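When you get a sec, could you build the whole thing from the sequences and use the hints?
Residue numbers (our numbering), protein chains in the order written: chain G, 1 to 444; chain V, 1 to 444.
Please keep in mind that the hints were generated in silico from the structure rather than gathered at the bench. Just so it is clear, the structure is predicted and the values come from calculations on it, not from any experiment. Each statement offered as a hint is correct.
All copies of an identical chain are treated as equivalent in the list; a pair is satisfied when it fits inside any one copy or across any two copies.
Only pairs whose alpha carbons sit at most 35 Å apart, straight line, appear in this in silico DSBU-like list of lysine-lysine:
#1 K22 to K11
#2 K187 to K345
#3 K329 to K199
#4 K110 to K11
#5 K108 to K329
#6 K199 to K326
#7 K199 to K174
#8 K208 to K174
#9 K329 to K110
#10 K369 to K300
#11 K420 to K410
#12 K326 to K105
#13 K187 to K108
#14 K65 to K110
#15 K187 to K174
#16 K208 to K252
There are 2 protein chains.
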Amino acid sequence: MNNILVLGAGKSTTVLIDYLAKKCKEHNWKLSLADLSLETVQRRTKHHEDVVAKKLDVNNVQLRKELIKGSDVVVSMLPPAMHYHIAEDCLELGKHFFSASYTDKRLKEKAEEIQNKGLFFLNECGLDPGLDHMSAMKIIQREQEAGNHISLFKSFCGGLLSPKHAGENPWNYKFTWNPRNVVVAGKGVSTFIRNGYYKFIPYHMLFKRTESVDFPKLGSFEAYPNRDSLSYRSIYGLDSIPTILRGTLRNKGFCRAWNILVMLGLTDDSFELDLPEGFSCQMLTNAFLPYDPQMTPQQKIKQLIPDLDKENLEKLAWLGMFSTEKLPKRTGTPAEILLAILEQKWKMNPEDRDMVLMQHQFTVVGGGKSRSIYSDLTVMGDDQEYTAMAKTVGYPLGAAVYLFMKGQFKTRGILLPILKEIYAPILEEVAKFGIEFQERTLDA
Amino acid sequence: MNNILVLGAGKSTTVLIDYLAKKCKEHNWKLSLADLSLETVQRRTKHHEDVVAKKLDVNNVQLRKELIKGSDVVVSMLPPAMHYHIAEDCLELGKHFFSASYTDKRLKEKAEEIQNKGLFFLNECGLDPGLDHMSAMKIIQREQEAGNHISLFKSFCGGLLSPKHAGENPWNYKFTWNPRNVVVAGKGVSTFIRNGYYKFIPYHMLFKRTESVDFPKLGSFEAYPNRDSLSYRSIYGLDSIPTILRGTLRNKGFCRAWNILVMLGLTDDSFELDLPEGFSCQMLTNAFLPYDPQMTPQQKIKQLIPDLDKENLEKLAWLGMFSTEKLPKRTGTPAEILLAILEQKWKMNPEDRDMVLMQHQFTVVGGGKSRSIYSDLTVMGDDQEYTAMAKTVGYPLGAAVYLFMKGQFKTRGILLPILKEIYAPILEEVAKFGIEFQERTLDA
Numbered sequence: 001m002n003n004i005l006v007l008g009a010g011k012s013t014t015v016l017i018d019y020l021a022k023k024c025k026e027h028n029w030k031l032s033l034a035d036l037s038l039e040t041v042q043r044r045t046k047h048h049e050d051v052v053a054k055k056l057d058v059n060n061v062q063l064r065k066e067l068i069k070g071s072d073v074v075v076s077m078l079p080p081a082m083h084y085h086i087a088e089d090c091l092e093l094g095k096h097f098f099s100a101s102y103t104d105k106r107l108k109e110k111a112e113e114i115q116n117k118g119l120f121f122l123n124e125c126g127l128d129p130g131l132d133h134m135s136a137m138k139i140i141q142r143e144q145e146a147g148n149h150i151s152l153f154k155s156f157c158g159g160l161l162s163p164k165h166a167g168e169n170p171w172n173y174k175f176t177w178n179p180r181n182v183v184v185a186g187k188g189v190s191t192f193i194r195n196g197y198y199k200f201i202p203y204h205m206l207f208k209r210t211e212s213v214d215f216p217k218l219g220s221f222e223a224y225p226n227r228d229s230l231s232y233r234s235i236y237g238l239d240s241i242p243t244i245l246r247g248t249l250r251n252k253g254f255c256r257a258w259n260i261l262v263m264l265g266l267t268d269d270s271f272e273l274d275l276p277e278g279f280s281c282q283m284l285t286n287a288f289l290p291y292d293p294q295m296t297p298q299q300k301i302k303q304l305i306p307d308l309d310k311e312n313l314e315k316l317a318w319l320g321m322f323s324t325e326k327l328p329k330r331t332g333t334p335a336e337i338l339l340a341i342l343e344q345k346w347k348m349n350p351e352d353r354d355m356v357l358m359q360h361q362f363t364v365v366g367g368g369k370s371r372s373i374y375s376d377l378t379v380m381g382d383d384q385e386y387t388a389m390a391k392t393v394g395y396p397l398g399a400a401v402y403l404f405m406k407g408q409f410k411t412r413g414i415l416l417p418i419l420k421e422i423y424a425p426i427l428e429e430v431a432k433f434g435i436e437f438q439e440r441t442l443d444a
Numbered sequence: 001m002n003n004i005l006v007l008g009a010g011k012s013t014t015v016l017i018d019y020l021a022k023k024c025k026e027h028n029w030k031l032s033l034a035d036l037s038l039e040t041v042q043r044r045t046k047h048h049e050d051v052v053a054k055k056l057d058v059n060n061v062q063l064r065k066e067l068i069k070g071s072d073v074v075v076s077m078l079p080p081a082m083h084y085h086i087a088e089d090c091l092e093l094g095k096h097f098f099s100a101s102y103t104d105k106r107l108k109e110k111a112e113e114i115q116n117k118g119l120f121f122l123n124e125c126g127l128d129p130g131l132d133h134m135s136a137m138k139i140i141q142r143e144q145e146a147g148n149h150i151s152l153f154k155s156f157c158g159g160l161l162s163p164k165h166a167g168e169n170p171w172n173y174k175f176t177w178n179p180r181n182v183v184v185a186g187k188g189v190s191t192f193i194r195n196g197y198y199k200f201i202p203y204h205m206l207f208k209r210t211e212s213v214d215f216p217k218l219g220s221f222e223a224y225p226n227r228d229s230l231s232y233r234s235i236y237g238l239d240s241i242p243t244i245l246r247g248t249l250r251n252k253g254f255c256r257a258w259n260i261l262v263m264l265g266l267t268d269d270s271f272e273l274d275l276p277e278g279f280s281c282q283m284l285t286n287a288f289l290p291y292d293p294q295m296t297p298q299q300k301i302k303q304l305i306p307d308l309d310k311e312n313l314e315k316l317a318w319l320g321m322f323s324t325e326k327l328p329k330r331t332g333t334p335a336e337i338l339l340a341i342l343e344q345k346w347k348m349n350p351e352d353r354d355m356v357l358m359q360h361q362f363t364v365v366g367g368g369k370s371r372s373i374y375s376d377l378t379v380m381g382d383d384q385e386y387t388a389m390a391k392t393v394g395y396p397l398g399a400a401v402y403l404f405m406k407g408q409f410k411t412r413g414i415l416l417p418i419l420k421e422i423y424a425p426i427l428e429e430v431a432k433f434g435i436e437f438q439e440r441t442l443d444a
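As structure tokens, then:
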């Protein structure tokens, strides 16, 4: 077994490719990288002459299968919708499969077949999902094995600007990752449980229901609940835990201002606008506010949200939401049009650096006392290519592939990195590259 | 041509069947009625011995096509999702097609084929859509033919309790029509235009943005904007009209109280709950409110919506939202669970009567002056079978079929009742049964 195929050479793959190329050179394995754009592949592989560069349209099923047939291990870095098809090919052709994305429901139905064929299918092995699973399970299993009881688990993660570059705009925010995901984040209802009370938060309330999360040296951030925290009870073996919450981190003040855009309806992604020529940003904002030709949009927003701080309106003004300039995009959903506005404002400059933060909080009861355990991860981007995002996705996934190739994992089937056999060596490997959690314990 | 087939014998078909049975008897046409339940068919046809009763599972494509093959005209009273498949069969087998539902987008793509085959496909010929098109177009075309200019068009419709029976509960409301549609009404974004200003209202704001609509003798009602009013500009030939709005009517005070359920998230239909045994209505309400074991859900709602009237909380209490009784349903979306609660409370009693209201408002400019035209429809239900809903859906659709059978319509293709050739004789026919609009004109 010595052929690795990576499908997709997008921005987030820089670290993964460099890491795997180095490991392949050391072990005399063959690494192939395929993408729709040969130019992108060549840019990623320019320092690695041994990596085989391929041009591939993944929608061409025949060519795709031929490439997969010639490999032993396939890593999908394609857009999430493609993973299932690649995984299906791998199952058909008897190849091992790795991804950093959520496990497709349809794939779970094929668990037995994957197991029976002796294949190793590992999903959710990037940052979030990925490092969150691994670092949480390390503490959960350690405490449970010591006979202790976990009564609270909260987990927060966020992709942000590094503190050195965050103060430049009033939002302290720029797109360091998929911008579209940021604009539609939180749609639906977020669920969690607190002291035994189920909590369900609809989207239009989500960004008001934040909590504060402190990082040593970095200070306070705010977090909004992130989708379905309840399902993590069974995944993590915490079925009867009275408090579990997962949240997304933002710089202080972000959520209150973002909430205005949500309340107005500007993040709606369910209906298509077709606005007349010359429609301005201000006209768009005004269209989501009640009719009153005597009032400015700013005045109407104040009426709508009486406890609004002045600085929140300034944040909207800074985005250009009250500007009489033409919209950068006139057709599409409100979320798509808002995205076009935000992309002009929240674009990373070459000198900007990103940062990834993660924090787990546990309350652990054992030996007649209660302790709080905090586990923090802080990763800074080096430059525009070696971003914190690329590192925290690339190293865990790369390490998983590397360790698998070395024969470290004996389990087979469709897996998450929640097994000690898998997460322990991966966490050890990524620590060599600065992906290391800091643990603090406070007696309650 | 003398065979009419009606598919679906649900509650709303009583008037349609009676009307068509009578016309078929007079003209010696054959009427067949098919439904999944033969018992339902027999109940509908008990006074009409000439009507052929059939049992049909519409998902059985072969049997369905055989039935359609033996008819000349097919009327679909099935759930909306089925219309397209029936219409496709009709196109394939060369049969004419009638429905009271919105035209399926996929069907529009087959317009040329329908036209070329000389078929008559009429959709949106019930109440809303249906009578709204016909009665609005009658005035629009009359005024435009007279050289007048329409600068405002608002149209409101609602299915309510008759005033004699409305005062019995604090909501003045019961389900007189599809309960599920009431619970999820307004999802997405509602759009309209007012004095040239585009207005987009997201769902969580919709029930706050009501306007008052007066009916002579009946008094004031409230209306919330109903989905995409903008698309009616081209349908009705009002492309550059500065004000167009369609709205749904409710009794005064309904929307403010309903809005609390919307704000809490209880009408969400996007995620599945699986609540523990013994979960009460109060626990459900509380789950959508912030965590605070010292406060009751009522206190939390007051904090969330500071300008809340006491009577709105009483409306929620009357529904049982603060009751410690077990939920009638523990799994499903919040909307589905809320529906189960509401169905216990908003169920029509045998002595209750329903009412359908419609009002069009126009501002018409011509001859140097401006006039306001109001066109009102008020229809009361006779009993549980001859409801106002069954009348206002059944008579227009029945009249369309009858007039078509008599050879009154020359046009062919996929049609709406917005052509004078179609709406004028239908409105004349339904007026014989009390479906008659009252027009008032006020000089501005």
